[in-house]
Amino acid sequence: MSEKRKIKVLVCKPGLDGHDRGAKVIARALRDAGMEVIYTGIHQTPDDIVNTVVQEDPDAVMLSILSGSHNALCPVIMDKLKEQGIDDVLVAVGGIIPDEDKPFLEKHGLMGFYGPGTDLNTIVDFVKNNLKR
Amino acid sequence: MTEFDKIKEDMEEWQNSVSDKKERQRSFRNLSDIEIQRLYTPNDIKDLNYELDLGFPGQYPYTRGAYPNMYRGQLWTMRQFAGFGTAEQTNERYKFLIEHGQTGLSVAFSLHTIYGVEATDQKALGEVGKEGVAIDTLEDMETLFDGIDLSKISTSMTINAPASILFAMYIVTAEKQGHSPEKLRGTIQNDILKEYIAQKSWIFPPEPSMRLIVDTIEYCTKYVPQWYTISISGYHIREAGSTAVQELAFTLADGFAYVEAGIERGLNVDDFAPRLSFFFNSHNNFFEEICKYRAARRIWAKRMKNKYDAKKPESMRLRFHTQTAGVSLTAQEPENNIVRVTLQGLAAVLGGTQSLHTNSFDEALCLPTEKAVKIALRSQQIIAHESGVTETVDPLAGSYYVEWLTNKMEEEAENYFEQIEELGGVIPAIRANFFQKEIANASYKYQQEVENGEKVIVAVNRFQQEEQSTIPLLKIDEEVAAEQSKKLNNIKKKRDNTKIKEELEKLQNAARGTENLMPYIIDAIRVYASIGEVINALKEVFGTYHEDSIF
Numbered sequence: 244m245s246e247k248r249k250i251k252v253l254v255c256k257p258g259l260d261g262h263d264r265g266a267k268v269i270a271r272a273l274r275d276a277g278m279e280v281i282y283t284g285i286h287q288t289p290d291d292i293v294n295t296v297v298q299e300d301p302d303a304v305m306l307s308i309l310s311g312s313h314n315a316l317c318p319v320i321m322d323k324l325k326e327q328g329i330d331d332v333l334v335a336v337g338g339i340i341p342d343e344d345k346p347f348l349e350k351h352g353l354m355g356f357y358g359p360g361t362d363l364n365t366i367v368d369f370v371k372n373n374l375k376r
Numbered sequence: 020m021t022e023f024d025k026i027k028e029d030m031e032e033w034q035n036s037v038s039d040k041k042e043r044q045r046s047f048r049n050l051s052d053i054e055i056q057r058l059y060t061p062n063d064i065k066d067l068n069y070e071l072d073l074g075f076p077g078q079y080p081y082t083r084g085a086y087p088n089m090y091r092g093q094l095w096t097m098r099q100f101a102g103f104g105t106a107e108q109t110n111e112r113y114k115f116l117i118e119h120g121q122t123g124l125s126v127a128f129s130l131h132t133i134y135g136v137e138a139t140d141q142k143a144l145g146e147v148g149k150e151g152v153a154i155d156t157l158e159d160m161e162t163l164f165d166g167i168d169l170s171k172i173s174t175s176m177t178i179n180a181p182a183s184i185l186f187a188m189y190i191v192t193a194e195k196q197g198h199s200p201e202k203l204r205g206t207i208q209n210d211i212l213k214e215y216i217a218q219k220s221w222i223f224p225p226e227p228s229m230r231l232i233v234d235t236i237e238y239c240t241k242y243v244p245q246w247y248t249i250s251i252s253g254y255h256i257r258e259a260g261s262t263a264v265q266e267l268a269f270t271l272a273d274g275f276a277y278v279e280a281g282i283e284r285g286l287n288v289d290d291f292a293p294r295l296s297f298f299f300n301s302h303n304n305f306f307e308e309i310c311k312y313r314a315a316r317r318i319w320a321k322r323m324k325n326k327y328d329a330k331k332p333e334s335m336r337l338r339f340h341t342q343t344a345g346v347s348l349t350a351q352e353p354e355n356n357i358v359r360v361t362l363q364g365l366a367a368v369l370g371g372t373q374s375l376h377t378n379s380f381d382e383a384l385c386l387p388t389e390k391a392v393k394i395a396l397r398s399q400q401i402i403a404h405e406s407g408v409t410e411t412v413d414p415l416a417g418s419y420y421v422e423w424l425t426n427k428m429e430e431e432a433e434n435y436f437e438q439i440e441e442l443g444g445v446i447p448a449i450r451a452n453f454f455q456k457e458i459a460n461a462s463y464k465y466q467q468e469v470e471n472g473e474k475v476i477v478a479v480n481r482f483q484q485e486e487q488s489t490i491p492l493l494k495i496d497e498e499v500a501a502e503q504s505k506k507l508n509n510i511k512k513k514r515d516n517t518k519i520k521e522e523l524e525k526l527q528n529a530a531r532g533t534e535n536l537m538p539y540i541i542d543a544i545r546v547y548a549s550i551g552e553v554i555n556a557l558k559e560v561f562g563t564y565h566e567d568s569i570f
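Protein chains in written order, with the numbering used here: chain A, 244 to 376; chain B, 20 to 570.
Keep in mind the hints are simulated off the structure, nothing from the lab.
Just to be clear, a hint being listed does not mean it is correct.
Label-pair distances were calculated between CB atoms; the ranges are [claimed, not checked]:
(1) ARG45/B <-> GLY360/A: 23 to 33 Å
(2) LYS345/A <-> ILE282/B: 19 to 29 Å
(3) ASN372/A <-> GLN438/B: 35 to 45 Å
(4) GLY166/B <-> ASN364/A: 29 to 39 Å
(5) GLN438/B <-> ASP322/A: 39 to 49 Å
(6) GLY166/B <-> GLY277/A: 38 to 48 Å
(7) ASN364/A <-> ASP52/B: 39 to 49 Å
In this text the structure is predicted, and so the values were computed from the model without any measurement.
No residue lacks a Cβ here, since even glycine has one placed at the ideal position from N, Cα and C.
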């Protein structure tokens, strides 16, 4: 990736959960850190998300889930990305993710797992340091 | 020289004498960004007119409380919001809560129920029974209240877009228990405006949504007279990141919009306004919260009387439920949340709440365990029975600070009402993303203040410890979705599907006209149409809503 191109991030709210305070705050923090940010809005199905990834070609996809549906939704999203041949995008999930669910999600290629109270700089640095391209 | 002049003079002298005293911060600001002075004196409230601005509890303008004797007469209802998994599991939790002294039920529904999609729908993937109890048909509702006498308990149902449908289920469930609708007591949240503003669980566009709400108001006014038809909610506005002033202003603006919609339908304001109730948040800044509730009562009373020409005192009397701020709970050292919740609960009580939900300390991590719920309920019982704050009505009245801040919050809310008015009212303001932008800005600002340490959150940005404390978490059974799907499929085999088709068609025809839809919804529910089926039938007529994704 050339030095000059901005890091492009897609912030998503999968599932039916409408609590998007965190997603919006993070979207804005990433934008303020100089990244190009697209926020999908709420109620995104795995297909919606994958379609947007195909269209927008982001460097990172940040999923925000607070409803407890992460174990059901995240693997589906990862599988569908793979089906599209997308494997060089950082996919992170945050929200309310219990510790014991992390190994399962890691196995499916997800990272991050940031929860309530996380410093925004931590998330900005995480994106910068974990890009796959 | 008047007394006020003398105080002013002495105050100046005192300010000078202490001007060299160092303070911890350059300025002190509450969560609404209102600057707080070092000291308040009678001068700060010299225009306060006791009779006009405060009055007596249970009397206009209700600043001092909704009822004359407040908690000396009756304590607030201790109402813990609960629901998870299947109807059977939640029914058990309700019985546990009733056994431990809870005096009202409060139903949390599964997200798929809230959005009116069936448990078997692809969109429900991962959501069934996770955040609330899974309800698809009348049968689930019957199970939910099995063994609980609906003529004896009051039930609050947190449901919005499909509120009329869940309410229909409640009416039919009670009917099957042998109770007529006029005996039923409870609330449906039924506040769609705050969904567009903050929580986002909408289905239809604003206009048909408002129609459904006015339909429930009209229906209750005739047939379910003890039911609270809307719980006009600031809670979710606050959780989405608003300030206390925004919560106050946007919630009351929504309230006035419902009043206007009722009047437009041809209802007499005094026939329905007494059954409107409110639902506020209680966040960390103690006095700010107390003043918010006092200001809310006064604003509502004044407008109902002066603008909407209400005559009955009950139409002017604002009553509210409070829940402590979920957003304030920390995942770090979660036990500290017990203290936060107690202070927030105390603020709600000092502000004169009619019912209270205290959050459980583990809710930044999971749905609450039984132990955590019990501690939360116990916190309320300690406030009620041990602290002594219930012994007199509105004990903080007359505090220079409290009265000044109450005035200030009213003034700032009035500024917002003007801005909303200029945009053409609540719905045009929603369409212009006014509320959404205001909230997003406030929430980002707050987060930045936390990041730079201006706002201290104990164990999050100050006094952190390396080692994380761990607590037991409640796990929701992943089998719930499969079980719920099985139940739904079974009922679809058992019921008379020709009848379902007929009832849904009748509902659609009525929806195309202007009739009240409640009787049609009740008829469809009675023959076991699912919530998803009723919603889809209405979607075909009403369409759906999409918002701009601003941040």
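Taking the hints in turn, this is what the structure says about them:
Our hint of 23 to 33 Å for ARG45/B and GLY360/A holds, since their Cβ atoms are close to 25 Å apart. At roughly 54 Å, the beta-carbon separation of LYS345/A and ILE282/B lies outside the given 19 to 29 Å, and the hint is violated. A hinted range of 35 to 45 Å holds for the C-beta pair ASN372/A and GLN438/B, which are about 43 Å apart. Between GLY166/B and ASN364/A the Cβ separation comes to about 53 Å, which falls outside the hinted range of 29 to 39 Å.
With their beta carbons about 47 Å apart, GLN438/B and ASP322/A fall inside the hinted range of 39 to 49 Å. At about 60 Å, the beta-carbon gap between GLY166/B and GLY277/A misses the expected band of 38 to 48 Å. Evaluation of the 39 to 49 Å hint for ASN364/A and ASP52/B yields a failure: the beta carbon distance comes to about 23 Å.
Hint compliance for this structure: hints 2, 4, 6, 7 are not met, and every other hint is.
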